[in-house]
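There are 2 protein chains.
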Amino acid sequence: MLGASGLSITAEIVEKPDGKPLVQHPGGPNPVERLSALLHVDMARVNETIEARMQSPIGTIPDLASHLVGAGGKRLRPMITLATSSLLGYRGDHHILLATAVEFIHSATLLHDDIVDGSDLRRGKPPANRLWGNSASVLVGDFLFARSFSLMVETGHLRVLDILSRASSIIAEGEVHQLAVIGDIDLPIDDYMTIIEAKTAELFAAAARVSAVITKCSEADEKAMDQFGRSLGLAFQLVDDALDYSGQKQELGKRVGDDFREGKVTLPMSLAYHAGSSAEKDWWEQMLDADSRNAAQLTLANSYIERHDAVGKTLSLAKSHAAQAKAALDRFEDNELRTCLRDLCDFVVTRAY
Amino acid sequence: MLGASGLSITAEIVEKPDGKPLVQHPGGPNPVERLSALLHVDMARVNETIEARMQSPIGTIPDLASHLVGAGGKRLRPMITLATSSLLGYRGDHHILLATAVEFIHSATLLHDDIVDGSDLRRGKPPANRLWGNSASVLVGDFLFARSFSLMVETGHLRVLDILSRASSIIAEGEVHQLAVIGDIDLPIDDYMTIIEAKTAELFAAAARVSAVITKCSEADEKAMDQFGRSLGLAFQLVDDALDYSGQKQELGKRVGDDFREGKVTLPMSLAYHAGSSAEKDWWEQMLDADSRNAAQLTLANSYIERHDAVGKTLSLAKSHAAQAKAALDRFEDNELRTCLRDLCDFVVTRAY
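Which chain is which? The protein sequence lines are A and B, in order. Using this note's numbering, you'd call the opening residue of the first sequence number 430 and step up by one each time. Using this note's numbering, you'd call the opening residue of the second sequence number 430 and step up by one each time.
Not one of these hints is a red herring.
Over the 12 Å line for every Cβ pair with chain B, so calculated as not near, a few chain A residues:
{"#": "1", "residue": "G457"}
{"#": "2", "residue": "R559"}
{"#": "3", "residue": "A704"}
{"#": "4", "residue": "K710"}
{"#": "5", "residue": "A719"}
{"#": "6", "residue": "A725"}
{"#": "7", "residue": "E765"}
{"#": "8", "residue": "F776"}
The calculated DSBU-like cross-link candidates involving lysine-lysine, where the alpha carbons are at most 35 Å apart (straight line), are:
{"#": "9", "chain 1": "A", "residue 1": "K503", "chain 2": "A", "residue 2": "K693"}
{"#": "10", "chain 1": "B", "residue 1": "K645", "chain 2": "A", "residue 2": "K645"}
{"#": "11", "chain 1": "A", "residue 1": "K554", "chain 2": "B", "residue 2": "K693"}
{"#": "12", "chain 1": "A", "residue 1": "K645", "chain 2": "A", "residue 2": "K755"}
{"#": "13", "chain 1": "A", "residue 1": "K693", "chain 2": "B", "residue 2": "K554"}
{"#": "14", "chain 1": "B", "residue 1": "K742", "chain 2": "B", "residue 2": "K554"}
{"#": "15", "chain 1": "A", "residue 1": "K693", "chain 2": "A", "residue 2": "K652"}
{"#": "16", "chain 1": "A", "residue 1": "K693", "chain 2": "A", "residue 2": "K748"}
{"#": "17", "chain 1": "A", "residue 1": "K710", "chain 2": "A", "residue 2": "K748"}
Everything labelled a hint here was simulated from the structure, so no lab data went into it. Since we're looking at a predicted model, the values are computed, not measured. Glycine is no exception: its CB is placed at the ideal position from the N, C-alpha and C atoms.
Next comes chain A alone, as it looks inside the complex (with noise of 0.2 Å):
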């Protein structure tokens, strides 16, 4: 029943992305506005499941947890969990509650990562660190992912719990992985590629891969979905890395340049720096071995990774992911959904421009 509901068409755009106000293509809505109306009655009911699984007594709660997700965003990654149930025919309930459960997993990495990363905006807001203080963001982020995990047992599904608590682990060594390179202008590529996958790729590939696992699929079924969230994931985060130096911030609904002022090595930086005259490196090395870096000094780094094309560059990159995702997805049925999460693998890159 759910499943049929979510495949019914509806001009009504249930969810408006207030975070990250996203590109209208000329063409028409966007893909994720054409996949939040296909999946609008599932979508409703993740964000009454968020609602009511964001509740406590303890008012600091649902207060903090409100402000950092009535903030928006766009739900990609529950979007995902429901469009991927969808698309394989799953009859049921459990794809709202895993849809949850992959939100507030996000939902508690955000709230740690704004104590990592000591930016002053999240989806065009400041961070919930900002108003009530680290540590009550540190807890609840650690009530959120917590929860998850009930969530996911209402499931009855052990193979979700194993999924998703994997993709945790992985996803705390991305971050720390990421933190312990801080300032290496020489990070190799390869190790660039395993930060992103761990931190960002994991959970998309969690949240498509638990809907063939509910839905009982095929392990060829299941692989294929988790390349599909995986292939997704790294060209989401690939183009990310590119926005911080080539967006604009009420787009991003972030600072562009954070990464730059953190002295945190991306694609586009490392690819500049390879690709740079000596005096070039030892610039860059000069702005990675300082405690910060100021405007001008972004205005220069920027003017370097233009010279190099290393944003066009990265987001290639990005295109040949999200082809890899879009291939992923030939085995599944024909259908309007599919349509849908192809062009939206699409989206994910041309968003960048």
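Please arrange chain B on chain A, whose structure you already have, making use of the hints.
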């Protein structure tokens, strides 16, 4: 096999608690040491599992985790899981995984607490966040928390995951609650009890209850185990809060007076306030309104606490919870292990003197 070996007596003490040296009773080894001896084979396996499961290719993770876990601590919570499993006649290996999971949850909360408390001593050493920074402490805590769920998944018991995920969200709730009432001298004693039950007793209760689950005991046995752990946890935390006013630095492994300095309203302060003259009440209110409190003020606080026997009353309450914990064990087989667990309940209180 394991349960049986866990019951064999040996003089060797496998793990000396070096973090919080325990008061040696004149009559011989204290109950923690006797339990360590009785359970030494299982405890050695738990220590190996802790060591193995905190590994990661990202070196910061085992380094930081070892700093905390290697600092010792009494391993009281995993010991409860091992002891109750043995008492219930459990045969299998799952108690090892669960004891490790319980210790990982506890370790994760300690790493996150360090950020909340801002204390400069944990188990007699500088806390991990002083050495690796808040970010790494948050993320390694997340890693251990995620790993604890993977360990539970390996047991194949969904009810265990249910119990420990609920316990984890209740712990976080308790910590946020505590944070929200910092400096509130009028905190009702019921609220204080709710906080310590959530932040401490819940995990003790879960550590004992899961033993009944994996041994497939009756609902009544499960409840009795929960009650045992819960009451023991309450006694333990009440004594901890008393020791913060009456203990010695080397006994506590942390600075005496931390609660006072942080403006944390615990039972000794609460009792002294409510029993105090109006001049004393004014003093307490001013103390808690201020941003910080110094050593001279701690001395005066201690004199008021002594005047109203607030530590003594706190310990009396701890004693009554310890008695409830002992009573909860009445329904189980009367053997050496039960005797040790009963003695542990007394010891948790007497360690204060």
